[in-house]
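Engineer: Chain order of the listed sequences is Y and P.
Numbered according to UniProt numbering, the first sequence spans residues 1 to 428.
Numbered according to UniProt numbering, the second sequence spans residues 1 to 426.
Among the clues, some could well be false.
[Unchecked claim] Stretch-level coverage of chain P by chain Y, calculated; a stretch enters the list once three of its residues show a Cβ under 8 angstroms from a Cβ in chain Y:
#1 70-84
#2 164-173
#3 200-210
#4 239-247
#5 299-310
#6 358-367
[Said to hold, decoys possible] Chain P residues, not near chain Y, derived (Cβ > 10 angstroms throughout):
#7 Glu9
#8 Phe100
#9 Lys109
#10 Ala136
#11 Asp146
#12 Glu191
#13 Leu225
#14 Leu413
These are calculated hints, taken from the structure and not from any lab test.
Small disclaimer: the values here were computed from a predicted structure and weren't measured.
Backbone N, C-alpha and C define an ideal beta-carbon position, used for all residues, glycine too.
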Amino acid sequence: MEKMDYPKLQETVWHEKLENGLEVFVLPKSGFTKTYAAFTTRFGSVDNRFRPPGGDEMKVPDGIAHFLEHKMFEEPEGDVFSRFAAQGASANAFTSFDRTVYLFSATRQIPENLTTLLDFVQNPYFTDENVEKEKGIIIQEIDMYRDNPDWRVYFGLIEALYQDHPVHIDIAGTAKSVRSITKEMLYDCYNTFYHPSNMTLFVVGGVEPEPTFELIRQNQAGKSFPQGGDIRRTVAEEPPQVKDKKRDIRLPVSLPKCLFGFKEPQGTAQGEAGIRQELATKLALETILGPSSPLYQKLYDDNLISDNFGYEFNTGPGFAFSIIGGETANPEELMERVTAALYDTAAKGIDSDVFERTRRKRIGGFLRMLNSPESIANEFTRYRHRGGDLFRVVQYYESLTVDELNELLKSHVSPDRLAACIVRSAEA
Amino acid sequence: MPEQFERGELERLRLHVLPTKRFKTFALSLFAGIPLSESRVTPTALTPFVLRRGTQSYPDTLQFRERLDNLYGAGFGFDLYKRGDHQVVNFRLDIINDRFVSSSESLLKEALKFLGEAVTAPALEDGKFRPKYVEAEKTTVSKRIDAIINDKIRYAGERCVEEMCRNEPFRLHALGRKDDLPGIDAGTLTEAYRSWLQDVSLDLYVAGDTSLSEVQEIVGGAFRLPQGSPAGYQEPALIPARDEVQTIVERLDVGQGKLNMGLRVGSSYGSDKYPALLVYNGLLGAFPHSKLFVNVREKASLAYYASSRLDGHKGIMTIQSGIEIANYEKAVGIIREQLAALERGEFTADDLAKTKAMMSNQIREIQDSAFERIGFDFSGVVAGKDRTGESFISELEAVTPEMVVEAAKDVKLDTIYFLRDRKGEG
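Okay, chain Y solo, but in the shape it has when bound (with noise of 0.2 angstroms):
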């Protein structure tokens, strides 16, 4: 057990890789009631081409890690939500383009709990009749996403943005990519990506850490496993060019949606070096198009941008690309306007006291963020898996300087890497 204290933060994390190959990390909170934990596999939704241990290289239907997390909930025995539930807990789960998080949060009763856990995702179940009952719920939940405008329209740029990665793949796939699936399938995807050593235990709040390591190492050595080795994920070469400058799609809205953003031809750098990067550069889109830019206060005085008006920027294995949009009753002026700030702030720079004032303020805004466990939980994993460490955020905003923001800035907004796609009502 390897202790990690972090003063400043006063938070100290506690670390354990076991014999099988899982990584433990436990963060006990004092004072705290409830226990959050949250077990994760990177297995998500862009790695649909990889080659097992010793196995042939396969490719497999899109939507599939987040079927498997649909029917991971199903045991011999029943339903996993209700032995939760009967312990008080609350369990759920959630698959994203690089991981798929299993959870749950309780009060008492937190061995029991942690070992349903464990046991549940270790134990996969799929029959052929309960595999083809699961495909109507997840058609239904498509067709929820289908009728929602936000989500087309963040879903459209990506699919504008990329041609050959698969994070342009919607998560949960299509109807018939879905209707596609066998537990044969399933049986494949989990023997390869669920070995104990593709895989992340973190548990936080109300624990003592020996006891809890102790539980999991107990139920770990209880199971065999198969010796694990390397997942080879085969990741489809990106061009450096987008797939379509602009898509446009009908759905009835009060205001035309309208998101655009620029793609990193070869994702972010690894490791550590590549946190920066992503914090840089969100620091840098900060400067210019939060809440508090001079931009910002123009374009909602003109009528152009609402409150939901916003940047985010995203990056995972093989791929990294800006966000920047929002509902506008002119799309392609409000398109023009940011882009011409974007290019003009990256040739002029950005400015140094606004460097310093948003800085100050997005370190805030992460000590904040540690307040909620579940955030903890989910983005130390995030962090981690990347090569970076969560608890040394305000470490690497300290050490960013304005001439590094600078640089990513200029090469980030490319006008031949920029993509757009608005979602409108369809014409009377």
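Given the coordinates of chain Y, assemble chain P onto it according to the supplied hints.
Structural biologist: Chain P alone, transformed into the frame defined by chain Y:
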């Protein structure tokens, strides 16, 4: 043992301070409520939008926001919602405790001063709100009201309640009515704001490493309120369900149908029957082990979501599900069957135990979030019912199967609302 609130009063403000060292922040929350009414709903909704544009010390919006950035990115925001038959504006400010940053000023003091000025000393021109801000925020509110339709799940939920409560103030939306906006200008809004400050019930909460006496000292100078003593909240009107269930079908360009139901439950948060109703709602549709999730989703594969929600402050319950349009009759049938089954007492001791365990857990979890703890406490203030987490859990634990069946008998279906596509229209 969780920390307890310290209570005080300062002229028109009720103060509630939760001294705790668990958080890295100070959480400030101000609840401002008045009875819902047709004449006041829109100006009241517009007011916080204008207040967030500027104060006497920071009259320009950019200055206002830069000030927040300089307070280590303090998170300032507001929400508008209904609590029973009241329209509540909730201002929030979340700020880092000085001990985590090298700050020369007391951040709690600066935060309270900022909040007090934002609410009680806005930027004025000739004694009125700045017309530029009023006009811009009228547009913003109007867009917000229009945007409700973009999220079909929310839209269907709100339409269902609106249809059920057609003849009471509760039909009004917390954002107000779009048609009222053109008639409002800086002069009329400033008048409405001043009379709102005269009448509104104000509860100020602070959670963090502080005390009532420290807060009291700062608040005295930070809020400039009219003289008076704190105003209270009234109990909601409990309206019986329609004699015959009404069915409303609305058509839009949607792929998935949204099936919503509105029900009257006959009592509210302050009532002794409330814990049994909450357990009833848990058995029906609040959890993945509840009847709606199990029967509509898991057994029939009809939906991705199927749940129920109890609004204890108003004494109503809603059911919501997203289904394939052709499955409407089938889904309505399954849901009504679940309501009937609960009335017949068809649930196991195991179902009841799970439901109670889940609800007790939710209440205990509230203790770990400053804003949730504050929200829970404020519910008690609105309803005039003093409940702590522990006392509420004991009330829930004491609910018997018979009490659930009694509660079920009070639950009456009033409205079925279905949002569907345009196929076969007319």
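Engineer: Now look at each hint and say whether the structure bears it out.
Structural biologist: Going down the list of hints, with the structure as the test:
1. As drawn, the segment 70-84 of chain P meets chain Y at 6 residues by the rule of a beta-carbon pair under 8 angstroms; at three or more, the given contact holds.
2. Counting residues of the segment 164-173 of chain P whose beta carbon lies closer than 8 angstroms to any beta carbon of chain Y gives 0, which falls short of the minimum of three for the stated coverage.
3. With 0 residues carrying a beta carbon less than 8 angstroms from a beta carbon of chain Y, the segment 200-210 of chain P misses the three-residue requirement, and the given coverage is violated.
4. Only residues whose beta carbon comes within less than 8 angstroms of a beta carbon in chain Y count, and the segment 239-247 of chain P has 0; fewer than three means the coverage is violated.
5. Residues of the segment 299-310 of chain P with a Cβ under 8 angstroms from some Cβ of chain Y number 5, which satisfies the need for three, so the listed coverage holds.
6. With a threshold of 8 angstroms between beta carbons, the proposed coverage of the segment 358-367 of chain P by chain Y holds, since 7 of its residues qualify and at least three are required.
7. No Cβ of chain Y comes within 10 angstroms of the Cβ of P/Glu9; the nearest lies about 29 angstroms off, and the non-interface call holds.
8. Listed as a non-interface residue, P/Phe100 fails to keep its Cβ farther than 10 angstroms from every Cβ of chain Y; the least gap is roughly 6 angstroms.
9. Residue-level check passed: P/Lys109 sits 16 angstroms from the nearest beta carbon of chain Y, beyond 10 angstroms.
10. Its beta-carbon lying about 7 angstroms from the closest one in chain Y, P/Ala136 breaks the requirement of being farther than 10 angstroms from that chain.
11. Not every CB of chain Y is more than 10 angstroms from the CB of P/Asp146 (nearest about 4 angstroms), against its label as outside the interface.
12. The claim that P/Glu191 is not at the interface with chain Y holds, since no C-beta of that chain comes within 10 angstroms of its own (minimum 25 angstroms).
13. The claim that P/Leu225 is not at the interface with chain Y holds, since no C-beta of that chain comes within 10 angstroms of its own (minimum 28 angstroms).
14. Under the 10 angstroms C-beta cut-off, the non-interface status given to P/Leu413 relative to chain Y holds; the minimum distance is some 23 angstroms.
Going through the hint list in order, the structure does not satisfy hints 2, 3, 4, 8, 10 and 11.
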